[in-house]
Structure formats: C-alpha cells, structure tokens
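Asker: Using the sequences and the accompanying hints, generate a full structural model.
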Amino acid sequence: MSDNIDGGGNGALSTMTLDGEDVGFTPGETVYEVSERYRREIPTLCYDERLEPFGGCRLCIVEVEGSHNPVASCTTKAAPGMKVTTKSGRLDMHRRVLLELVASENRDLDVDPMSGYASGEMATLLDRYDARTGRFLGMQSGTSHPDDPNPFILRDYENCISCFRCVRVCAEQEGDYAISVMNRGFGTQITTEFDGILKDSACTFCGQCIQTCPTGALADLKALASKDVPGETKLTRTICPYCGVGCSVDLMTRGDQVVGVLPAMDGPANHGALCVKGQFAFDFIGHKDRLDTPLVRGDDGQLHPATWDDALDKAAAGLLAAVDNHGRHSLYVVASGRAPTEAAYMMQKFVRAGLGTSYIDNCSRA
Amino acid sequence: MSNPLADMDKPDVIFCIGTNMTECHPVAATGIKRALANGAKLIVADPRHIVLADLADVYLPLRVGTDSALLLGMAHVIAREGLVDQAFMDARTTEGMAFLEHVERFPPEWAEEITGVPAADIEQAALWYGRAERGAIYYTLGVTEHICGVENVQGLCNLVLMTGNIGREGTGINPMRGQNNIQGAGDAGALPNNYPGFQPVTDPENQEKFEKLYGKKVDLENGITKVTALEMCGDQIRAMFIDGENTLVSDPDRAHCEKALRSLDFLVVADLFLTETAELADVVFPVAAWGEVDGTQTNTERRIQRLRAAVPSPGVARPDWWVISALAKRMGFQGFEYEGAEQVFNELCEVSPIYHGVDWDKVEEGAYQWPVPFDGHPGTPMLHSDEFVNGRGIFNLVEQRDPAETVDDDYPVWLTTGRRLASYHTRTQTGRSAGIDYLLSEESLEIHPDDVDEWGLADRSWAIMSSRRGSVRVRVKATKRSPRGTVFTTFSFADVPVNALTGGGYDPITQTAELKVCPVSVVPE
Ligand code: SF4
Ligand code: SF4
Ligand code: FES
Numbered sequence: 001m002s003d004n005i006d007g008g009g010n011g012a013l014s015t016m017t018l019d020g021e022d023v024g025f026t027p028g029e030t031v032y033e034v035s036e037r038y039r040r041e042i043p044t045l046c047y048d049e050r051l052e053p054f055g056g057c058r059l060c061i062v063e064v065e066g067s068h069n070p071v072a073s074c075t076t077k078a079a080p081g082m083k084v085t086t087k088s089g090r091l092d093m094h095r096r097v098l099l100e101l102v103a104s105e106n107r108d109l110d111v112d113p114m115s116g117y118a119s120g121e122m123a124t125l126l127d128r129y130d131a132r133t134g135r136f137l138g139m140q141s142g143t144s145h146p147d148d149p150n151p152f153i154l155r156d157y158e159n160c161i162s163c164f165r166c167v168r169v170c171a172e173q174e175g176d177y178a179i180s181v182m183n184r185g186f187g188t189q190i191t192t193e194f195d196g197i198l199k200d201s202a203c204t205f206c207g208q209c210i211q212t213c214p215t216g217a218l219a220d221l222k223a224l225a226s227k228d229v230p231g232e233t234k235l236t237r238t239i240c241p242y243c244g245v246g247c248s249v250d251l252m253t254r255g256d257q258v259v260g261v262l263p264a265m266d267g268p269a270n271h272g273a274l275c276v277k278g279q280f281a282f283d284f285i286g287h288k289d290r291l292d293t294p295l296v297r298g299d300d301g302q303l304h305p306a307t308w309d310d311a312l313d314k315a316a317a318g319l320l321a322a323v324d325n326h327g328r329h330s331l332y333v334v335a336s337g338r339a340p341t342e343a344a345y346m347m348q349k350f351v352r353a354g355l356g357t358s359y360i361d362n363c364s365r366a
Numbered sequence: 001m002s003n004p005l006a007d008m009d010k011p012d013v014i015f016c017i018g019t020n021m022t023e024c025h026p027v028a029a030t031g032i033k034r035a036l037a038n039g040a041k042l043i044v045a046d047p048r049h050i051v052l053a054d055l056a057d058v059y060l061p062l063r064v065g066t067d068s069a070l071l072l073g074m075a076h077v078i079a080r081e082g083l084v085d086q087a088f089m090d091a092r093t094t095e096g097m098a099f100l101e102h103v104e105r106f107p108p109e110w111a112e113e114i115t116g117v118p119a120a121d122i123e124q125a126a127l128w129y130g131r132a133e134r135g136a137i138y139y140t141l142g143v144t145e146h147i148c149g150v151e152n153v154q155g156l157c158n159l160v161l162m163t164g165n166i167g168r169e170g171t172g173i174n175p176m177r178g179q180n181n182i183q184g185a186g187d188a189g190a191l192p193n194n195y196p197g198f199q200p201v202t203d204p205e206n207q208e209k210f211e212k213l214y215g216k217k218v219d220l221e222n223g224i225t226k227v228t229a230l231e232m233c234g235d236q237i238r239a240m241f242i243d244g245e246n247t248l249v250s251d252p253d254r255a256h257c258e259k260a261l262r263s264l265d266f267l268v269v270a271d272l273f274l275t276e277t278a279e280l281a282d283v284v285f286p287v288a289a290w291g292e293v294d295g296t297q298t299n300t301e302r303r304i305q306r307l308r309a310a311v312p313s314p315g316v317a318r319p320d321w322w323v324i325s326a327l328a329k330r331m332g333f334q335g336f337e338y339e340g341a342e343q344v345f346n347e348l349c350e351v352s353p354i355y356h357g358v359d360w361d362k363v364e365e366g367a368y369q370w371p372v373p374f375d376g377h378p379g380t381p382m383l384h385s386d387e388f389v390n391g392r393g394i395f396n397l398v399e400q401r402d403p404a405e406t407v408d409d410d411y412p413v414w415l416t417t418g419r420r421l422a423s424y425h426t427r428t429q430t431g432r433s434a435g436i437d438y439l440l441s442e443e444s445l446e447i448h449p450d451d452v453d454e455w456g457l458a459d460r461s462w463a464i465m466s467s468r469r470g471s472v473r474v475r476v477k478a479t480k481r482s483p484r485g486t487v488f489t490t491f492s493f494a495d496v497p498v499n500a501l502t503g504g505g506y507d508p509i510t511q512t513a514e515l516k517v518c519p520v521s522v523v524p525e
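Going down the list, the sequences are from chains A and Y. The first sequence: position 231 = 231 (the working numbering), numbered continuously. The second sequence: position 371 = 371 (the working numbering), numbered continuously.
No false leads were mixed into what you were given.
List of simulated lysine-lysine pairs, DSS-like, C-alpha gap at most 27 Å:
hint, chain 1, residue 1, chain 2, residue 2
1, Y, Lys480, A, Lys199
2, Y, Lys10, A, Lys77
3, A, Lys227, A, Lys199
4, Y, Lys259, A, Lys314
5, A, Lys288, A, Lys227
If you're looking for bench data, these hints aren't it; they were derived computationally from the structure.
Answerer: The structure is reproduced here in structure tokens:
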C-alpha cells in the first residue's frame, strides 16, 4: 500500500496562487477543493462534497487571472501557476444578484431547522450576502406535491431552486434513480418516472434527498412532526441499531424525546448515507409497549410488575434451583446480537465465572 | 469481512451470492453500485430475481440449496482455463493439487443439471472471476443458512485461494453480518466454543488463563449450541436466561421451540418489549434500548464503534450489562462489580488479544478495525494481506449435498425465507416505528405469476402454506422476483409465523438452521 501516490492530500505536487498566497495542490483537485483546504469561504448551493460537481448555481465563482469572466470553482480543475482570487467586490456583487434571483423563486426563505441536515444553507447565505431584497419577485419554482401521502418526505417544490442535489444524490450516492428533472428554465420540475407518488417509484425512502436539500423543499416529515416539542434540539453521535453495516448517525433529541435522525457525514462506514431503517425507524424506543418495570410470574400464573429487588431474588432463586438440583450444566444462556458488546461479554462471564461452563450462544445461528 | 466496506467500489469483478444486499445492507450496496458505474462486472447468484440481479452482468438463478454445485462448476472452469494464480497457491495454500484434480469431475454441464443454471452462464461467471484483477466475493445468510452452510463457505474460499483474490484492496471474501452487533457478540465470547477474542475453549492454556482471571475453573469441553440446548430442554437443560432475542418467532420450527421453552423449570428473559418469548418467562427484566445506553458495537468490517445514550430509559429499565451483573451478584457469583460500560469494555480488551490495544477514549473516532493486538496499534482494515491466521490457506474437497428435506409429491414447492428493506427481523422495532407500516403493512408470499395461475390462486388472495411441521395462512403476491416452483416470504410478522414451517435440518458443524430451504405445499384457502 505504501506505493500508492495519489491518496490523501499529502502528495502535493504542484503550486498555484490563492489570493496572493502560494499553495500546493494534487493534480485532479478542483479550485474549490484547494480553497476549502486553505480555509477560504466560498459560498456554494449546488455542491455536495460526496457528489460529482455540477456547476449549476454559479455561486462558487472565483476570478482567474487571464480569463475575462469569473469561473465556477467547483468544476474548474486547479492548474500549475493558476492565479485565483476568491474574494472581491465584483464577486460579492455577482453572488448577491445570483442569490436574489434564487430566493425570488421561493415561497419561503426560512424553514424549520428540523427539515433536514442542509436545509438552512440557502437562508444562511442570503443573510451573509444581504440578499433578502425581494428585487426579482414574481418568478416561480416548481409545483409542490402535497398529495404524496408518504409519511417521511415532504415534497414542497415551491421552495426548489433547481440545484438538483436530490436527483444527483439519489443517482450517484444511492444508485436508485428514483427522481429526475423534467423541463428547463422556470418550468423545471423534479419528478418521479411517471410523475406520481414516491411509493410508486424506485424510491427506497433512504431520506438522502431530504438531507442534501439546501432549502427545505424536501424535508423530514417525521422530524417536523416534533417541531413544537419544547426545548433545544440536541445531537448525540451513535450508530444505527439495525444491520451490520454500522452507519453513524446523530440522534436528534428534545428533552427526553428522540425526535429524529441525521446522517453523520463523517461516519466511517457510511459517509452520510443511510437507509430507510436507519433514517426513519428510530421511535420504537419511546413506544408505549416498552417494558418499564420488571415482571414476575405470580401464583395466579400471570406476570405482575415487581421491584428490581424482588425480580432479581426470584430469578436468582429459580436459576439456582435448577443448578442445585440438576447440576451446573442444566442452565443455558443466550446473548443478544442486538445489544452492545458489553452485554455479550457480561453474559459469557456469567456462565464461565459463575458456573464454569460454556453453555452460551448468541442468535447468529438462526 | 476480510476487506473494509470502503473497498466495495474498488473491485473490477464482484461476485454476490446469497445476499439480497440492496434490501438487507442498503448502504453497503451503494458501494457496489458505484463500482458498477466505474465499469466493474457483477455476477449475482440467487434463487430469486432480487434487485441486485437487475444490475448483474450475469445472473445465475440457481435452485435453492445448490450453491456447492455452482461453485464446483466455476472452479472447474477456472482450473481448465488455466486461470489459477499458481504463485499464490504455491506460496500461501496447501492441498491445491488435490483440489485441482477434484474439480475435474465437475464440469459446468454437471453443475447445470443440479443448479438449473445454464452451463454457458456458469462458464462466463467463472471466466470473469478467474480473470479479475480485483475480484471480491460478498455473501450473507443465503449461503450459510443451509445444512451445508460450512461447505458453501469453503467452496467460496476455494475460489478465492485458487485465484489469489485476497489480501489486496478491492478483493476478499466478505460475509455481511445481518444484525448490528452479531459480530461484537461473537468477539466478546458469547459462543460455546470460544472465549473472548475467539480463543478456543478446548485449549488448556486458555482454560488456565481464564481460571486465573475469573477465579473459577471452566470446562475444557465446548459448551453446546442453542440448537442443541433447545433440543435438550426439559431433559438436561432445566433453566434458561435469554437476553434480547425473540427466540420463539425468529428460530426455526416454532412448535418445537415453544414446547422446549415451556418444558423448562425456569425461564428468565431480558428485553425491550414483552415479546412472544418473554410472555413464557417466569421473570422478565426491562432493558435499556439503543439511544439509552453507552457502549460499543462492532460492524461487519470488524469496526468497533461507540454507542451513546441520548435519552433516559422508561421507568426502571436498565442496561443489559447492569441486569446481567446484578443477577450474577444475586446468585453469589464473584467478580461482577462494575461502574459502567467503559469498565466492562476495558475488561474485555484486557482478556481479548484482538481488542487488546483498543483505547476506549479513541473508539469514538471509529478508526479501530480489529485485530488491534497492542497499545498504539492502528487496527487492521484488511485481513490476510501477508498470511492467513493459521498459516496456509487449506483447500477443501467439498461436494454437493442435498438439503435435509427435498420436494416431493406432498410438498412440491421450495420455500426460501429472508428479509425486506422496510422490516427487520421480528419487527419488534421497525413495527413500532411510525410510518413504516406505510411501506410494508402485512406479510405476503411471493409467487411467480404462472404458478399463481397454475395453483388456482390469484394476486392478493389467501393461500395456505404447509410443511411437514405446520401451516400458515398468508396473502399471495404475484411477482417475477420468484422463479417457478420457489416461493419467498419473511418471518417479520407475528400473524404469519413462517418459522412454524422451517427447521428441517441443521448444518452438522455450526448447527446453523436451514432457514433458506423448506419444501412446502401452497394451496388456495
Ligand atoms: S428518499 Fe432516497 S431513493 Fe427516495 S428519492 Fe430521495 S434519495 Fe432517492
Ligand atoms: S442505516 Fe441501514 S444500512 Fe446503515 S446500518 Fe442502519 S440498517 Fe444498515
Ligand atoms: S457550487 Fe459550484 S456551481 Fe454551484
């Protein structure tokens, strides 16, 4: 593996100039990627670092010496000797107009942050460039789909700015190709194959389109259902509880309630990807069916609530009776393949340190 | 997995067998789709025309339970065409000559007779995998849940060993683990034959080591598997303690399983919900759920990752480790004083060579893939790069074996089981999450449209499906995903307890249940 020369950003081979500073870059890097590494703050709207650059919004423009018009930095490859300016009055003016145009098409500029991971991107840029002027009012985005009855994904295309991040994440990251772009210009519309509801398309409800949308046009309906739960939204990094891939997630909580899941863009196993289970099947933990007290079978043959003390006494006596009467090889334990590793360790110690047997298994055989 | 998940977009030839990855490991499947976009070739072997089959360059629709025959046919072609990696075989394997002779007997035409896959397609798949620069194999329970599960895996290993597709980026033999922490449970020693870190129970040195650590002499003999234990319930086995498993619904042959658990003198269950299994218990302990506990879990690529508590548990529910240690103390067992998950994890690292160098504070970076043999070791994303754990890779002279039960006049249809995207196992969790019902609200039996007609059924009508052990009533779904003569369903819904039917046999070595094959009859209600 040591002869791999193209990995990392540490094999810088060439130099260019960024705002007057000489900087190194690796062949193949875009001007945007180089600028990011050197902490320039170039605004973007159609960019998602996991996807192929698209060059649609032109917000990421920079000036390159020798070229008359500014160029989109996300689609321009860095070249040796290139002289790039990322910040200037002219650039700011261009960006402001672009943002005013983009914003003019949308019904709402501000959406609830529960809408999705990137849902505040556009609003943040509008503030940064002081672009809430309403100068070009009257243009319009796509047509919303309030009729789609799916319980997960809001499809409010009146807030769509045609960055196509959703279409691209669906195709490039998920490989699902459930949605596509219809028409051009002001008639642009994101649709499914037969312009129907998502459930009838190839959509797997992975939620990735929600999480990359920079305006909240696509939004997380399950999280939004909790938007009035009082308190600050807190994020806790953990791992999805379903399959063996082990996707990293940030659990969104308000008070003692889990209100949603955000994919962790830096999760080592998933890099921001999730499936419908990891994204949406989180609220079982607050379900009313959860056991909240130990239960002990009474003389009437029924299970009754009990204190930990009573339940532990009863369980210990029952298990010990078997061991006393029938020997230590009469007690068997089964560890969980769903619980944390510490549970499995404790279970094997239970039989080995407690009984001196290996009468244990986990649920991997069925 | 021998290779990391991050490798999945790197092979130039991918061989998926017995894995419905787009539904069972969706995020992993995105890596394969990226590899395809980069021009990789995809070989898919599965009895059902799953979504992966739509993406395949060659699809091998083998009859259920004939994996070994398919793999032997492929090995035959690779040998015949001189595609073996002789240098790799010489340097890293043994029994290679015997194996190459062995496979002479199994031309693709022979494999076609048994598997039903056209010989030409077997030939094509073998040529691609044999010529691959970076050939990777992915498999799941479709390979292992058979009476010949071990042979099937050995058959895959043979292909790997003869072509040297291992120990390099984008290659390897990669089982995808089904449950979030089935890997961690095995790592931690929750197995009848291994101490933590897969240290054999039958090795006297390990016995001595754990005797010192635990202050208790542990049997030098292996314990018994759960399958055996269930068979001995009411006889030698008199009491059980089950943590977080809905045994009754997830295990094969429900009637047998229920009888076994009922025959116990005493049953203790710890779980989130009052499952069908917990309902049989004498004592039920409420445990803390995901999102409520700190700890670790280990994924299918051996990556140790950190779980965190975000909300309190309902009522007095407690973490599993707390419940187990409290019960141990109550029973007078020594060495069960713990403050928290971190302390338990550190003890595991101390006693397990593969976790030995893991630092709890660094687990949150998610950078550890075991083995991590000593402090400061960065972890091992790829296994077998220089040598195999036990020295040389050994070829196994596997043969094709029929499933425990085969179709006959009374039970003329093959039933195979699995999972669907929007449900998970017995649905104790997905079934209680809002909205999931919209995607999947009831069980169905997937039947080829021509069979639906021939058997006097209709799409969405009710059918009675029976095996030698039991019957269920289930709704019919006509779909070309099922081949003629084979039907598919899951064990996710309590009202269609499919495992009342399964359970005809077990792999004699691992005792894994043959959940993937069961002869049944399907008739209109
Ligand atoms: S939820 Fe996933 S599959 Fe469905 S449209 Fe969005 S990105 Fe595509
Ligand atoms: S999000 Fe989906 S793919 Fe990822 S771990 Fe969870 S169940 Fe598996
Ligand atoms: S971010 Fe570069 S064009 Fe949109």
